[in-house]
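Student: Letter by letter, the chains look like this.
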Amino acid sequence: VLPVTLIMVLTLVLVAIGAFYAWRMYGADVVPEVAPKGSPLTVAARQDLYQDALNEGLFMRPGIHLTRGLVFADARGVDGAVGGAAALIGGMSSRLRRLQTGYVRSYALTMLTGVVTVLGALWVIQ
Amino acid sequence: VNSLPLLTLMMVVPLLGAVVVAVLPGSAARHAKPVALGFSLVTLVLAVLAWVRFEPGAVEQFQLSEVHSWIPQFGVSYALGVDGIALSLIVMAAILTPVCLLAAWHDVSDEGSGREKRYFALMLVLEAFIVGVFAATDVFLFYVFFEAMLIPVYFLIGLFGGPRRQYAAMKFLLFSLAGGLIMLVAVIGVYVAGPGGDDGFLITSLTGNLDASTTALRWLFVGFFIAFAVKAPMWPVHTWLPDAATEARPATAVLLVGILDKVGTYGMIRFCLQLFPEASRWATPVVITLAVISIIYGALLAIGQTDMMRLIAFTSISHFGLIVLGIFALTTVGGAGSTLYMVTHGFSTAGLFLLAGFLVARRGSKRIPDYGGWQRVTPVLAGTFLVAGLSSLALPGLAPFVSEFLVLQGTFMRYEAAAVIATLGTVLAALYILLMYQRTMTGPKPTFADGESPHDLSVREKVVVVPIIASFILLGFFPKPVLDILNPAVDRTLVYVGVTDPTPTNASGSAK
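Each protein sequence line maps, in turn, to chains A and B.
Under my numbering, the first residue of the first sequence carries the number 3, and numbering increases by one thereafter.
Under my numbering, the first residue of the second sequence carries the number 176, and numbering increases by one thereafter.
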């Protein structure tokens with residue numbers, strides 16, 4: 003087992019070597035105009051290991067599309083079905099209303115149509 | 176004092192208040208609001224008396240009972256009474272009504288038209304009907320109140336709401352009427368299948384006494400359930416709620432979404448589960464599925480809203496999904512959670528709607544993009560809005576957390592998958608609340624055209640907020656007083672349904 007002081011000294015020496023190496027690599031160099039491309043690891047580190055991109059791509063953007071799509075579908079589909087049914091009934095009512103013209107001849111025609119329909123139905127059944 | 180018909184009084188007092196307010200002469204019109212508030216406070220005192228007189232461990236299902244024959248030919252009685260669930264909802268309504276009246280103080284400008292009197296009178300009428308619908312122990316009487324409630328709400332929205340108030344009021348009315356008419360068929364069916372007689376519509380004489388084929392009883396269950404699902408509201412019959420909530424005044428929205436819609440989930444417990452045990456167990460898979468869809472769907476749509484009031488309405492659809500989930504999980508824990516949630520949701524929705532309303536009153540817009548940086552202008556408003564939001568997203572320590580946790584735990588005991596998916600709803604809740612806060616309150620200080628920045632909460636507005644936030648903290652740390660009166664009612668309902676809690680898989684270590 004090495005004595006404690008030796009370990010301390012060796013550690014500090016190692017730190018000094020590291021610091022010198024780093025200074026040689028970066029500090030002593032002329033600072034380039036454009037940042038060097040760097041290794042893939044450096045690039046990944048610069049991008050915070052892509053965690054933001056991952057979150058945005060996996061959750062945020064699909065989430066935005068999903069909620070927007072659902073808001074649209076809720077207004078047009080779910081609520082639209084209700085509104086459509088109401089509009090359908092309203093439209094049918096206003097067409098039916100037009101049959102009430104006040105002319106006796108058109109009412110008589112309606113009755114005649116009804117009689118023919120009933121007789122026709124009876125004839126078909128028998 | 177012990178013989179006072181408290182429940183009837185709690186309807187008579189607000190109705191009387193409504194009449195007094197409505198007939199005040201023009202010279203005394205400025206007293207309309209204090210008078211209305213006074214009557215609602217007297218109702219609150221009566222509610223407290225009812226709470227004190229209520230005995231949690233009583234043998235009979237309903238207490239404070241009043242039964243009088245009304246139309247004996249059809250078996251209809253004027254019968255009131257409460258169990259723990261009904262009582263806690265009535266007390267919540269009695270607390271929130273004066274709060275809403277105070278919040279609505281400057282909603283309507285009068286100028287001698289009498290509009291203000293009508294507005295406050297209608298809110299008192301609504302309070303009376305709310306008490307009636309929760310206290311009715313006769314199915315027919317319940318139906319009468321269920322439909323009668325629509326009238327004041329229709330006018331509150333249609334006369335005093337926003338630009339599309341008539342569309343929203345009509346939509347609310349048509350949805351509710353459609354559900355109500357289906358229920359009417361089921362109400363008649365229940366009487367036919369029941370024992371009949373002078374008091375054939377009493378819940379106590381109908382429970383366990385329905386004599387019809389399994390299929391018929393299932394149809395009757397469906398009839399009740401559709402009405403309650405519209406009311407609650409659940410997906411896919413929810414679309415009336417966002418329109419009603421955004422067009423109504425914030426105080427009306429609180430009475431509607433926070434209190435009145437609880438009739439839906441309350442009705443599921445009182446009528447669907449209690450009267451149709453077999454049909455309830457039969458329908459459970461479908462209801463659980465619809466509830467889970469409501470939870471996720473409501474949350475996702477809340478995230479996509481740009482209108483604050485619509486956003487809050489969709490959060491409520493999500494929360495109503497959780498309440499229904501807990502009810503139909505058919506466990507004591509889930510039932511306790513759901514019934515507590517009905518109360519806590521009332522308060523947290525009130526907080527959100529009223530504070531958003533205060534914000535809208537200052538800026539004149541409901542659109543979230545019109546805001547930003549308001550915590551620098553109105554810090555107290557921003558802070559209380561955040562607390563209300565955190566309560567809505569069920570932050571531990573605030574009331575809804577307790578109820579939401581119980582619902583999820585109670586559901587997990589029987590339906591693990593549903594509970595897991597429902598839990599995602601709580602994650603989405605954080606998104607819609609915090610996004611809304613971020614977009615309205617944070618950011619650079621806004622500039623105002625006339626150079627005059629809006630003032631922070633006034634004394635009146637603070638008085639509105641204090642009881643709401645107090646309820647978050649009180650029920651968040653000490654829900655026991657409420658749970659103590661809810662639990663016996665939930666246990667009794669599950670006895671009617673004929674289910675017992677599933678045994679925990681690792682039961683050896685716990686002695687419950």
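The set of hints was computed from the structure by calculation and includes no laboratory data.
Careful: at least some of the hints might be erroneous.
Examples of chain B residues toward chain A, derived with CB under 8 Å [unchecked claim]:
(1) T414
(2) L476
(3) G479
(4) I644
(5) I648
(6) G651
Please read these numbers as outputs of a predicted model, since none were measured by experiment.
Built from N, CA and C at the ideal position, the CB exists for glycine as well.
Student: Have a go at the G651/B hint: is there a Cβ in chain A nearer than 8 Å to its own Cβ?
Tutor: Because about 29 Å separates G651/B from the closest Cβ in chain A, which is outside the 8 Å limit, the hint is violated.
Student: So, as I understand it, the hint says G479/B touches chain A; can you test that by seeing if any CB pair is closer than 8 Å?
Tutor: holds, 3 Å
Student: Should the hint that I648/B touches chain A count as held when the rule is a Cβ pair under 8 Å?
Tutor: Because about 32 Å separates I648/B from the closest Cβ in chain A, which is outside the 8 Å limit, the hint is violated.
Student: Tell me if the interface restraint on I644/B is satisfied: Cβ within less than 8 Å of some Cβ in chain A.
Tutor: violated, 30 Å
Student: Min Cβ distance, T414/B to chain A: is it shorter than 8 Å?
Tutor: holds, 4 Å
Student: Was the hint right that L476/B lines chain A, CB cutoff 8 Å?
Tutor: Hint on L476/B: holds, closest Cβ of chain A at ~6 Å, below 8 Å.
Checked against the numbered hints given earlier, the structure breaks hints 4, 5 and 6 and satisfies all the rest.
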